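Asker: Sequence:
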Amino acid sequence: MLNAIMLNGEGRVSKDNPVQSWYGEECYLTANFAGYQMRIVTEDGRSDLKYLHYQSLGYNSVEDAKAAAPEFAKAVLLKMLSSISQI
Numbered sequence: 003m004l005n006a007i008m009l010n011g012e013g014r015v016s017k018d019n020p021v022q023s024w025y026g027e028e029c030y031l032t033a034n035f036a037g038y039q040m041r042i043v044t045e046d047g048r049s050d051l052k053y054l055h056y057q058s059l060g061y062n063s064v065e066d067a068k069a070a071a072p073e074f075a076k077a078v079l080l081k082m083l084s085s086i087s088q089i
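Numbering (the numbering used here) for the sequence shown: 3 to 89.
Keep in mind that the hints were calculated from the coordinates and are not lab data. Values in this document were obtained by computation on a predicted structure and should not be read as measured data. Mixed in with the good hints there might be a few duds.
To be verified - Quick list of simulated restraints, FRET-style, between CB atoms:
1. 4 - 25: 32 to 38 Å
2. 24 - 4: 30 to 36 Å
3. 27 - 5: 41 to 47 Å
4. 82 - 47: 26 to 32 Å
5. 70 - 3: 36 to 42 Å
6. 3 - 29: 23 to 29 Å
7. 3 - 45: 46 to 52 Å
8. 88 - 32: 19 to 25 Å
Glycine is no exception: its CB is placed at the ideal position from the N, C-alpha and C atoms.
Construct all of the structure, not just a fragment, from the sequences and the given hints.
Answerer: Following this line, the structure appears as structure tokens:
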């Protein structure tokens, strides 16, 4: 049986950070999704999303990567969830 779930101190700090607001330079932007940092890294005109050790590569622009970011975050979290087995 699962006990109550609550945020610890570190989680409260992460939760208080702005969500899905992009910060940084055009070549390296960060935003928080579900309390964890996502990055957009742009090189040679291509933008890549990086989140929780997963990546989605080759967006034509930063704006395209930003638009894909919420769906990418959800896909990563679902992938991680599906890797947890019931014992």
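Asker: Assuming the hint says 23 to 29 Å, is it satisfied by the Cβ distance from residue 3 to residue 29 or not?
Answerer: violated (48 Å)
Asker: Indicate whether the distance between the beta carbons of residue 70 and residue 3 respects the range 36 to 42 Å.
Answerer: With a Cβ separation near 39 Å, residue 70 and residue 3 satisfy 36 to 42 Å, so the hint holds.
Asker: Taking 32 to 38 Å as the stated bounds, is the beta-carbon spacing between residue 4 and residue 25 within them?
Answerer: holds (35 Å)
Asker: Go ahead and decide if the range 30 to 36 Å is satisfied by the Cβ distance of residue 24 to residue 4.
Answerer: Given about 35 Å between the Cβ atoms, the range holds.
Asker: How does the Cβ-Cβ distance of residue 88 and residue 32 compare with 19 to 25 Å: does it lie in that range?
Answerer: Roughly 34 Å apart at Cβ, these two residues miss the hinted range, so it is violated.
Asker: Could you say whether the range 41 to 47 Å given as a hint is met by the Cβ separation of residue 27 and residue 5?
Answerer: holds (43 Å)
Asker: Could you see if the CB distance from residue 82 to residue 47 stays within 26 to 32 Å?
Answerer: holds (31 Å)
Asker: Look at the Cβ atoms of residue 3 and residue 45 and judge whether their distance stays inside 46 to 52 Å.
Answerer: holds (49 Å)
The structure fails hints 6 and 8 (numbered hints given earlier, in ascending order).
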